[in-house]
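Peer 1: As given, the protein sequences belong to chains U, E and P, one line each in that order. For the first sequence, the working numbering assigns the number 1239 to the initial residue and increments by one for each residue that follows. For the second sequence, the working numbering assigns the number 1239 to the initial residue and increments by one for each residue that follows. For the third sequence, the working numbering assigns the number 1239 to the initial residue and increments by one for each residue that follows.
Watch out, some of these pointers could steer you wrong.
Chain copies aren't distinguished; within one or between two, either way the pair holds.
Dumping the calculated EDC-like pairs for lysine to aspartate or glutamate here, alpha-carbon to alpha-carbon at most 16 Å [as the list claims (entries may be wrong)]: (1) LYS1293 with ASP1255; (2) LYS1293 with GLU1277; (3) LYS1380 with ASP1306; (4) LYS1407 with ASP1274; (5) LYS1333 with GLU1353.
Just so you know, these hints were derived from the structure itself, not from any lab.
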Amino acid sequence: MNKMNLNQKISDFNPNDYSKLEKIMKKNYPKNINFDDIENLKDLLSFAQKKYQEKWNRFIPPFDILFDRWKNAENYGFGDKSNISSLSYIIGDVKIGKNCYIGPYTILDGSAGLEIDDNTGIAAGVQIYSHDTISRSLSGYKFKPSYGKVTIGKNCFIGPNAVITKGVKIGNTCFLGANSVLTFNLNDKQAASGNPCEIIGKVEVGEKGVVIKMKK
Amino acid sequence: MNKMNLNQKISDFNPNDYSKLEKIMKKNYPKNINFDDIENLKDLLSFAQKKYQEKWNRFIPPFDILFDRWKNAENYGFGDKSNISSLSYIIGDVKIGKNCYIGPYTILDGSAGLEIDDNTGIAAGVQIYSHDTISRSLSGYKFKPSYGKVTIGKNCFIGPNAVITKGVKIGNTCFLGANSVLTFNLNDKQAASGNPCEIIGKVEVGEKGVVIKMKK
Amino acid sequence: MNKMNLNQKISDFNPNDYSKLEKIMKKNYPKNINFDDIENLKDLLSFAQKKYQEKWNRFIPPFDILFDRWKNAENYGFGDKSNISSLSYIIGDVKIGKNCYIGPYTILDGSAGLEIDDNTGIAAGVQIYSHDTISRSLSGYKFKPSYGKVTIGKNCFIGPNAVITKGVKIGNTCFLGANSVLTFNLNDKQAASGNPCEIIGKVEVGEKGVVIKMKK
């Protein structure tokens, strides 16, 4: 489904490099900085924002501009023509097919495996988990996180801010509504929505368009 | 309703500038960088975070600090005294009135037009769409996205993480609850909430306060 | 519950420093910048992203990498072993206990006080408010925001994208489902979920695991 982009592999892991980075990550507040350097940083970012807006008629978060969505997907080893915002967390073993759109503010947790097949759209704000820490939190760290691989088929639409919990399997051509919380499996062509989430009908892809035929 | 801030128009579109930016956006990982430069970047950002916190008693994402919320709104052509986080996506034709608050983690999609009138508050995490790609995804790219302009009146409150879908018209003085998904129109003073979303009552603005009078 | 990390206090508030920062925050778009500087910034960030990914098998937003989650919590005065993403807004008087996880895309509003006790997990996208601007928006700024302190006990799990409104008190060992909107109090061991939100059952922490015993 996906292919790793080996050209992007710049080096084997270098513990020395990471330890330098980690030291920076954990550094205390500096006593002083040069305000000219902050001004220069702001200038770079706001210039990029303006140039991007002139081209695409979109204002997007200035840092996200520096990372092309299609290039991100290539770097992350996703399939051809997929794209993903840099404002996303991709954790562990995540396999993404071709022509997938993945919006900003998302979380794709493959700590126990996550596979998403071709042409599926993952709207902004969606969180997909293959683990949870419910028992760990509720027990005050007496119990460990639990895990379950998630798979999502081809040609699915996962609406904005939807949450999919560990172990869920979604077939092909499924619809999940915005702000839904899916904790059960969906067969091919099922449509689900709401919180609590329910099966609301069946996806029918015809010659002239797509209809969700609602359950009575 | 809004006025474009022509003073902020720094230049007509320069294809040469954008092509330089695009090359950077799509650049591969570098083989090496100078760790002192990363440390300097971290220092700038954490210093800004600390100074902002000392002034406002708020810790906010370090990059968002560099972009004043009111200045953003001015740059984006919004009305007087409106403000918007730089952690927002503003797409296409978006007109925003005066005194509007727009929080972080938001998406304002004006690909088919989006108008929001004066004094309306758009809480963090809200996503407002004037297009959708549901049929495109479910058909495996056989069909195109569909479009419908969205309008929101004056003095509305759109709660955190609410999603508003294409074509929806909202009147004045309307309330939409947190995490709701609004797919239908609201008349003046209607209150709606839930997922699925329902009309829950009527907004009554009195001399001493505001009440949502619940439907029986 | 929490302890302020006085070592991190780099200086008393310096109005002169803030005024320099504010000038940068409000600066207009620059007429020109050096594209080599943008390229260098991109290189720094993408190098950090790659090194982090090689170590942890996670792609995270490049700017968030620079700010270690545990160090953030220490800087913000949270309890031992708590951690929080830099992609979070922490407003006003927020007290966080030990061993708390707080995900990205969150808002912790302590404008009227917010306390979260030990071992509680706050998933990504959660927004907790101790004020609201509902009456202010609906009245066209005739009325002011209203306030109410929020407290959350020990060993709670607050699911992804949940919203908790002003004045809510949550006991110990409580479960709140993903995408829920909690507007009422929870006693110890209560589980709530949905939108509208309802009590769904009772949390039972046994020798072998945790169960949510559902209401009939």
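Peer 1: Each of the hints needs a verdict: does it hold here or not?
Peer 2: A quick look at each hint next to the structure:
1. LYS1293 with ASP1255: Classified as between: cross-chain Cα gap 10 Å, same-chain 37 Å, threshold 16 Å.
2. LYS1293 with GLU1277: Neither. Shortest intra-copy (24 Å) and inter-copy (19 Å) distances fail the 16 Å Cα cut-off.
3. LYS1380 with ASP1306: neither (43 Å within a copy, 25 Å between copies)
4. LYS1407 with ASP1274: neither (53 Å within a copy, 46 Å between copies)
5. LYS1333 with GLU1353: within (5 Å within a copy, 38 Å between copies)
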